[in-house]
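J.: 1 is the number of the first residue of the sequence shown in this note's numbering; add one for each residue after it.
Note that these hints are calculated values from the structure, not bench results. Take every hint as true, because none was put in to throw you off.
Only pairs whose alpha carbons sit at most 25 Å apart, straight line, appear in this in silico SDA-like list of lysine to any residue:
| id | residue 1 | residue 2 |
| --- | --- | --- |
| 1 | 89 | 14 |
| 2 | 122 | 13 |
| 3 | 122 | 105 |
| 4 | 89 | 72 |
| 5 | 149 | 128 |
| 6 | 66 | 46 |
| 7 | 89 | 46 |
| 8 | 74 | 36 |
| 9 | 149 | 133 |
| 10 | 74 | 15 |
| 11 | 74 | 3 |
| 12 | 89 | 45 |
| 13 | 25 | 131 |
| 14 | 149 | 129 |
| 15 | 25 | 108 |
| 16 | 66 | 92 |
| 17 | 66 | 34 |
| 18 | 25 | 15 |
| 19 | 66 | 48 |
| 20 | 89 | 58 |
| 21 | 74 | 29 |
| 22 | 149 | 17 |
| 23 | 149 | 108 |
| 24 | 122 | 140 |
| 25 | 74 | 46 |
| 26 | 25 | 78 |
| 27 | 89 | 137 |
| 28 | 66 | 42 |
| 29 | 25 | 140 |
| 30 | 25 | 132 |
| 31 | 25 | 39 |
| 32 | 89 | 100 |
| 33 | 89 | 127 |
Using C-beta positions, here's what the derived DEER-type ranges look like:
| id | residue 1 | residue 2 | range |
| --- | --- | --- | --- |
| 34 | 19 | 126 | 20 to 28 Å |
| 35 | 50 | 136 | 34 to 42 Å |
| 36 | 56 | 105 | 31 to 39 Å |
| 37 | 117 | 15 | 13 to 21 Å |
| 38 | 147 | 51 | 43 to 51 Å |
| 39 | 152 | 56 | 53 to 61 Å |
Where a beta carbon is used, it is the ideal one built from N, C-alpha and C, also for glycine.
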Amino acid sequence: MTNWTVYLSGEIHSDWRSDIEEAAKAHDLPVTFTGPVTIHEDSDDAGAVILGEPESNFWRDHMGAKVNAIRTRKLIEDADIVVVRFGEKYRQWNAAFDAGYAAALGKSLIVQHPPEVTHALKEVDGAAMATCETPAQVARILAYVISGKLER
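Work out the full structure, taking the sequences as your base and the hints as a guide.
T.: Next comes the structure, spelled out in structure tokens:
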């Protein structure tokens, strides 16, 4: 069976990634999961710590975003499937960017978010191959598309 690479993008304040990874293990799926740096402070500080503290917060964020984009772009480009989760508490502008980048590359895109933000994400949902409300639904889609077996 072919090994699949799944990039897990989006919200970093809950354990949704581990829910999907555990479900994949339970189904014995040949899948490798990748994703962004999920330690918020490291992601924010990467540019300044590596390149030196700039004079303003604008340039600090700019440097950090570019350093992080090296990882993000490579892993999205290498992914077979990109899953983008939008959480309830924070606005994930970077997740929307990741979804657009994945769609532009023609990647199979699965979007997951609560129903309350459906209207705000209608364009993102429109680019997705599937839109879900829970990590369990994402896991079931992965199990089906990777194994070819539908669990009822």
